[in-house]
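Chains as they are written, first to last, in my numbering: chain A, 10 to 403; chain B, 710 to 1164.
Each hint can be trusted.
Coverage of chain B stretches by chain A, computed from C-beta distances (three or more under 8 Å per stretch; other residues unrestricted):
| no. | stretch |
| --- | --- |
| 1 | 1087-1101 |
| 2 | 1109-1123 |
| 3 | 1137-1151 |
Pairwise CB distance ranges (calculated):
| no. | chain 1 | residue 1 | chain 2 | residue 2 | range |
| --- | --- | --- | --- | --- | --- |
| 4 | B | Arg-982 | A | Val-201 | 32 to 38 Å |
| 5 | B | Glu-993 | A | Asp-39 | 42 to 48 Å |
| 6 | B | Arg-982 | A | Gly-199 | 27 to 33 Å |
| 7 | A | Arg-181 | B | His-940 | 49 to 55 Å |
| 8 | B | Glu-799 | A | Arg-181 | 30 to 36 Å |
| 9 | A | Asp-39 | B | Pro-985 | 42 to 48 Å |
| 10 | B | Leu-855 | A | Gly-141 | 43 to 49 Å |
| 11 | B | Ala-754 | A | Arg-181 | 53 to 59 Å |
| 12 | A | Asp-386 | B | Pro-711 | 43 to 49 Å |
| 13 | A | Glu-132 | B | Arg-982 | 57 to 63 Å |
| 14 | A | Asp-393 | B | Ala-754 | 41 to 47 Å |
| 15 | A | Glu-109 | B | Glu-799 | 37 to 43 Å |
| 16 | A | Gly-191 | B | Glu-1136 | 36 to 42 Å |
A few chain B positions that, by computed beta-carbon distances, are all more than 10 Å from chain A:
| no. | residue |
| --- | --- |
| 17 | Glu-731 |
| 18 | Lys-771 |
| 19 | Ser-781 |
| 20 | Gly-838 |
| 21 | Gly-853 |
| 22 | Thr-931 |
| 23 | Asp-936 |
| 24 | Lys-947 |
| 25 | Arg-950 |
| 26 | Arg-952 |
| 27 | Arg-980 |
| 28 | Arg-982 |
| 29 | Asp-1003 |
| 30 | Glu-1051 |
| 31 | Arg-1052 |
These are computed hints drawn from the structure, not numbers from a lab.
Positions of the beta carbon are idealized from the N, C-alpha and C atoms, including for glycine.
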Amino acid sequence: MTTKTTRVVVVGGGLIGTWTAFFLVKRGWDVVLIEKGVVGAQSSGVNFGNLRLQGRHPGQYPLSLRSQAIWEEIEGLIGDRCEFERTGHLYVAMNEAEQEKLEQHARVAEGHGLAIERIGRDELRRRWPWLGEGLQAATYSARDATANPRLVSLAVARAAQRLGAEIVEHTRVTEVRRNGVGFTVETDTGLVVDCNAVVNSAGAWALAIAEAFGETAPMFAAGPPQFVTEPIPYQVVPSVQAVDGSVIFRQIPRGNVIFAGYPRTAADPVLNRAPVPPNKTLSGMRNLVRIAPFLRSAQVIRVWSGIEGYLPDMLPVIGESETTPGLFHAFGFCGHGFQVGPGVGAVLADLIVDGRTDTPIAPFSISRFRNAVQVSDKLAHEFDAPAAPGGRAG
Amino acid sequence: MPDVVIVGGGPAGIRAASILVEAGLRPVLVNEAREVGGQGYRKPARSLALDINALMGSEAGKYQRLHSLFASLRERIDYRPGTLVWGIHEKTLHTLSDDVAGTIPYDALILATGATDRIMPLPGWTLPGVFTLGGAQVILKDQGCLIGSRIVFLGSSPLLFLAALQYRRSGASIAAVVDTTPFSAKRAAIRDLAASPRTLARGVMYRTALHMAGIPVLDGATPLGIDGKDHVEGVRVKDSRGRERLISCDAVAYGHGLKPETQLAELAGARFRFDPDFRLWLPETDLDGRAGADLYLAGDGAAIGGADAAEASGALAAHALLADMGRPQSETELVRLRRQVERLRRFQKGLAQAFAWPIAQAAALPDETIACRCEAVTVGEIRAAVQAPLGPREVNRVKAITRCGMGRCQGRFCGPALQEIVAGACEAPIAEAGRLRIQAPVKPIPLHAALELEP
Chain A
10 MTTKTTRVVV
20 VGGGLIGTWT
30 AFFLVKRGWD
40 VVLIEKGVVG
50 AQSSGVNFGN
60 LRLQGRHPGQ
70 YPLSLRSQAI
80 WEEIEGLIGD
90 RCEFERTGHL
100 YVAMNEAEQE
110 KLEQHARVAE
120 GHGLAIERIG
130 RDELRRRWPW
140 LGEGLQAATY
150 SARDATANPR
160 LVSLAVARAA
170 QRLGAEIVEH
180 TRVTEVRRNG
190 VGFTVETDTG
200 LVVDCNAVVN
210 SAGAWALAIA
220 EAFGETAPMF
230 AAGPPQFVTE
240 PIPYQVVPSV
250 QAVDGSVIFR
260 QIPRGNVIFA
270 GYPRTAADPV
280 LNRAPVPPNK
290 TLSGMRNLVR
300 IAPFLRSAQV
310 IRVWSGIEGY
320 LPDMLPVIGE
330 SETTPGLFHA
340 FGFCGHGFQV
350 GPGVGAVLAD
360 LIVDGRTDTP
370 IAPFSISRFR
380 NAVQVSDKLA
390 HEFDAPAAPG
400 GRAG
Chain B
710 MPDVVIVGGG
720 PAGIRAASIL
730 VEAGLRPVLV
740 NEAREVGGQG
750 YRKPARSLAL
760 DINALMGSEA
770 GKYQRLHSLF
780 ASLRERIDYR
790 PGTLVWGIHE
800 KTLHTLSDDV
810 AGTIPYDALI
820 LATGATDRIM
830 PLPGWTLPGV
840 FTLGGAQVIL
850 KDQGCLIGSR
860 IVFLGSSPLL
870 FLAALQYRRS
880 GASIAAVVDT
890 TPFSAKRAAI
900 RDLAASPRTL
910 ARGVMYRTAL
920 HMAGIPVLDG
930 ATPLGIDGKD
940 HVEGVRVKDS
950 RGRERLISCD
960 AVAYGHGLKP
970 ETQLAELAGA
980 RFRFDPDFRL
990 WLPETDLDGR
1000 AGADLYLAGD
1010 GAAIGGADAA
1020 EASGALAAHA
1030 LLADMGRPQS
1040 ETELVRLRRQ
1050 VERLRRFQKG
1060 LAQAFAWPIA
1070 QAAALPDETI
1080 ACRCEAVTVG
1090 EIRAAVQAPL
1100 GPREVNRVKA
1110 ITRCGMGRCQ
1120 GRFCGPALQE
1130 IVAGACEAPI
1140 AEAGRLRIQA
1150 PVKPIPLHAA
1160 LELEP
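With the hints as extra help, turn the sequences into a complete structure.
Below, the structure is given as structure tokens:
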């Protein structure tokens, strides 16, 4: 048995955990990050890689914009660009009803200072001639970006390690318990860590820790199926998303076109598996050709998915525990965690070091699940039926 | 009657079909190629005047027997030629035929998916003019074409000698046959090789024929690289006495034996174990090829055994399937087939020693050598990723970070070498490097294939 003492233990080495560890060590705090497998291997490493600002939940904009500012400085911060590109994001509507939805999104985004261009049918075809016919309108946000999720968490973990964070892989936290005003964290390898604060960023596996301290959230696990084509000549610069959620795609300069689409599929956090059923691949292919017919002869070479934690109002849990001072939750990012990841890390470092943050996070409190929660209308069409708050993650 | 589907139209698939037909079933036989025969008993393209009997030599009789057997079954099975199975999910095959996606549901499945070349990277191995050994044979048997006019057969495989002879009979000039395993390894493997004296004798005969024809055969040579600017110009080797030699040529047939094509078995739910003799991850089966509920594996796709073992294991899989349907099978026949398969696979174990996978070559590869052809990932990039702080030690993570195995072939060709390079870089046993996992599609499928289907 090895016993260590540190100020903060971060449980979970995904994007949230690694960025939190990074900002804590940057502010001079010592941190031990404990990851059950390897850093960045779960949903943090296999998501679509979109740093989308358009169409976010209104309450999330301050956090999102803080996060984007960090992304824009990523190379200076961690010494690695992780393929960050300010590609822009094109949100497209197929009909007038969808155009109205875009307009609503645009007003919210503009209210937070984001520049949104409204683009009509003719201009769409002129500026992006590879788009299919039959598109009604689009909005374009130039500040939206993309990065390579396969590389980011590992690069952030390395940067945190260089600054003095201890990163412990292949170690599963088996118990977190109160120890005076601090905590004792037990693991399956015999490592025991005493600390003042614990960050619960264990992704789809985070509920066990919350429940040990008498609080919970109706989290369930799902996977976003994603697909990629062989490389073809590079021409699609922005990431393109149909506002009905049927398809989102982007092309990387190497030439591969990455695409995804709802509904999401069931994932098994116990077996740690998120297979992509072939029918999902076929419907994804159909939806992509509809919006980008020039891709009809491109070949799909690979598919993948990951295990993400979802909550019924499609908002994450971020903030200090309601029952236990010193315990901080950040999980259930509902497939939107990649963009906000760095911002969440910065906010948690604020909360832990300063005891407060200037970034509004009230909508993300775990306490909201004490009462009946507003179920997002996204739940109905973005998941395979039955949308599964019953089949929750362990 | 249950829906029984066989994937693969080689000796294992055809033999399985014949047993099922005899039992009164009408199986579906899905074949990726247009013609049956698999790789070994491949039919020349139609309208091509190729003397296949001369090409097949001592195996011509078996070739003819297999194709006649199939002809006699043709109307009694549901035959689907030119059909790729790209996915398996919930007892349904997802197919692609003439670029149109389709499905075939099944109650029981026999996978007889065969094998493909196993190759170790080498400086220059991606130059135009370098073919895999199996690929060189396919081009000859299918199209009657030669890969070049002056050819080096390089690597380590019993097929080196056979292919070189087939090419010579077809008019090619053979610059040399370079075997990277020393002759002493062949003597050491003699006990297992004696399990199939006829095949052993045939191998010795091929070698003698090459000698008689004055073709240089180098044993125990170390390949240093394939040279050429825009095309192959020569092969540099160090011979068994340590002398460096440059053999000029305009084409290279290169390979290190075969590896089972196990992607579909994995999608159908087979479990895998590391086999230290072949240094490959192989699907787990019982003696008769059972690999899970309603799943049977046969032929080289289950374990490398060669054409005769493929036929016998195809028959075994079909008998096992019938027995599991509640139809008792002849125990005498099962015992005979099991013995045959066991004996032939033991012979292949001997071959795996006599023609060894070149582990030392992996360790000695210069950093700039390409490991992944599809994504142009070098050996050095893999080593650097593994050795970096928090570097991955498992091939799927190495793939995520380096892109090795992420391209069109999905690691079918770079996978075995990737395992060696990763294990070597982190000085761990090869089994700890793991194996690349598979998701459908197992081969590329065009987007428009989905358009014909109902949403």
